[in-house]
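Trainee: Protein chains in written order, with numbering that gives the first Met the number 0: chain A, 0 to 198; chain B, 0 to 252.
It is possible that part of the hints are untrue.
Claimed, not checked - Here are the simulated distance ranges between beta carbons:
hint : chain 1 : residue 1 : chain 2 : residue 2 : range
1    : A       : G134      : B       : D8        : 47 to 53 angstroms
2    : B       : I194      : A       : P46       : 44 to 50 angstroms
3    : B       : R174      : A       : A197      : 43 to 49 angstroms
4    : B       : A178      : A       : G187      : 22 to 28 angstroms
Stated by the list, open to error - Facing chain B, a subset of chain A residues (Cβ under 10 angstroms, in silico):
hint : residue
5    : G43
6    : K49
7    : F52
8    : C65
9    : I90
10   : A93
11   : Y94
12   : S108
13   : D115
14   : V116
15   : G134
16   : Q154
17   : H177
18   : H181
19   : T186
20   : Y192
The set of hints was computed from the structure by calculation and includes no laboratory data.
Just so you know, these numbers come straight off a predicted model, no measurement behind them.
All C-beta atoms in this analysis are idealised placements derived from N, C-alpha and C, irrespective of residue type, glycine included.
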Amino acid sequence: MTRWAMVADLRRCVGCQTCTAACKQTNDTPPGVQWRRVLDMEVGEYPEVKRAFVPVGCMHCDEPPCMHVCPSTATKKRADGIVTIDYDLCIGCAYCAVACPYQARYKSSDDALRPDVATKCTFCVERIDAGLAKGLKPGVDPEATPACVNSCIAQALHFGDVEDPASNVSELLAENQHFRMHEELGTGPRFYYLWDKAE
Amino acid sequence: MNWLQKHWDARAALNFMLGGAGAGLMIASALAWPAGAAPVLLALALVATGLGAVWLEIGKKLRALNVFINPFTSWMTRESFVALLLFSFGAAAMVKPQPFLPLAALAALAFVYCQGRILRASTGIPAWRAPQVVLLIISTGLAEGAGLALFFSTGPLLLSWFALALVLRAVAWTRYAKAAPSAALEAPGKALLQIGTVAALALAFAGAWYPAAAPLAGLLALAAGLWLKFALVTRAAFNQGFALPRLPVRGTR
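Can you build the whole structure from these sequences, using the hints too?
Mentor: What follows is the structure in structure tokens.
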């Protein structure tokens, strides 16, 4: 079974926001809406301060709180793990937005394509599906890969099938130590952060 | 990095404030004043106004009926179905109090329970996801509804129910505040205990001899509870933010 996931190498990310711009350009999101953001985080206190750039967005959770709370079933989860929103079903109540622990959801009246409904990162699902239909491999072939991953100047972002032990992301996870954001919540996010080589 | 949610504003807060008070009034009516149509009508009007306020907040108002699609996992859908029961039983109770008023009261209790679970299911917001929030929402509804009922009657049974509801609310608030402390709730929490509980209880006690004091007690209890819920929905709803359990190790080790 395929299970798409994103891997961000925190050692490589330089916070250039190219992924953010690529996402906005690809998905035509309005001002103020960033499906792919890069946080500039400072940790510690002077003089022991460290800085990290952290790409965030929808984590396409195994147990997405947004899906469970959605009263209209607009938010669904595909067999390959991608969490989707049916814009024609969504009532724009924003319950999903307040339920999401990752601040990944938006609702904007300025969104020309999706006004007043919930929106978020889709892992560029249209590119994945179209690419698969052409026999391409998401995460390897750019045409079938999310725009943010394609645009990353430092190769910090990777995309692939974590259920395939030979995939690019599975190899990265095997070769490096990693964590997921707020694992204690039990949401099972499918966005992995690499922070060091494997022991 | 913590982020105050702005998706649910005063309109959503009104649903919890008016819906809770209306549901509590329905329960108080069934317990202490089973023959009156006026409090039942007011209870239904409050719940309807709260739901109407939420309707004004949703992005696609003409699709509002889609709220009924997901009773399997969504407490918002369940609240909507329970609201239908509440309105049906409540309307019937105005014509035939027995057996419909007790049924309306049960539906009202289920309604405030759903409201508590709506907040509880908001995983990203620590002030809402605390399990203690469910009892807090139920007890505030009961107390505020009982306070409203004192405007219709000041009988001993109703005064006793009011006092019991206030104590329950104070206990629920204390448990909640311990589990999910929030600076935004400090002032309304203090007011809830001092004005909405102690002062209101004193006035309710005086109401046994001076009936005019009872509605004032109800007003204090109502105002304190409404302020707390308004702050809970609009001021204390911070997303937990992001955290890095590990920092990137750059260069050689």
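Trainee: Next, verify each hint and record whether it holds.
Mentor: Verification of the hints:
{"no.": "1", "hint": "A:G134 to B:D8: 47 to 53 angstroms", "result": "holds, 49 angstroms"}
{"no.": "2", "hint": "B:I194 to A:P46: 44 to 50 angstroms", "result": "holds, 48 angstroms"}
{"no.": "3", "hint": "B:R174 to A:A197: 43 to 49 angstroms", "result": "holds, 45 angstroms"}
{"no.": "4", "hint": "B:A178 to A:G187: 22 to 28 angstroms", "result": "holds, 25 angstroms"}
{"no.": "5", "hint": "G43", "result": "holds, 9 angstroms"}
{"no.": "6", "hint": "K49", "result": "holds, 5 angstroms"}
{"no.": "7", "hint": "F52", "result": "holds, 9 angstroms"}
{"no.": "8", "hint": "C65", "result": "holds, 9 angstroms"}
{"no.": "9", "hint": "I90", "result": "holds, 5 angstroms"}
{"no.": "10", "hint": "A93", "result": "holds, 4 angstroms"}
{"no.": "11", "hint": "Y94", "result": "holds, 6 angstroms"}
{"no.": "12", "hint": "S108", "result": "holds, 8 angstroms"}
{"no.": "13", "hint": "D115", "result": "holds, 3 angstroms"}
{"no.": "14", "hint": "V116", "result": "holds, 6 angstroms"}
{"no.": "15", "hint": "G134", "result": "violated, 36 angstroms"}
{"no.": "16", "hint": "Q154", "result": "violated, 14 angstroms"}
{"no.": "17", "hint": "H177", "result": "holds, 9 angstroms"}
{"no.": "18", "hint": "H181", "result": "holds, 7 angstroms"}
{"no.": "19", "hint": "T186", "result": "holds, 7 angstroms"}
{"no.": "20", "hint": "Y192", "result": "holds, 8 angstroms"}
Comparing the model with each earlier hint shows violations of hints 15, 16; every other hint is respected.
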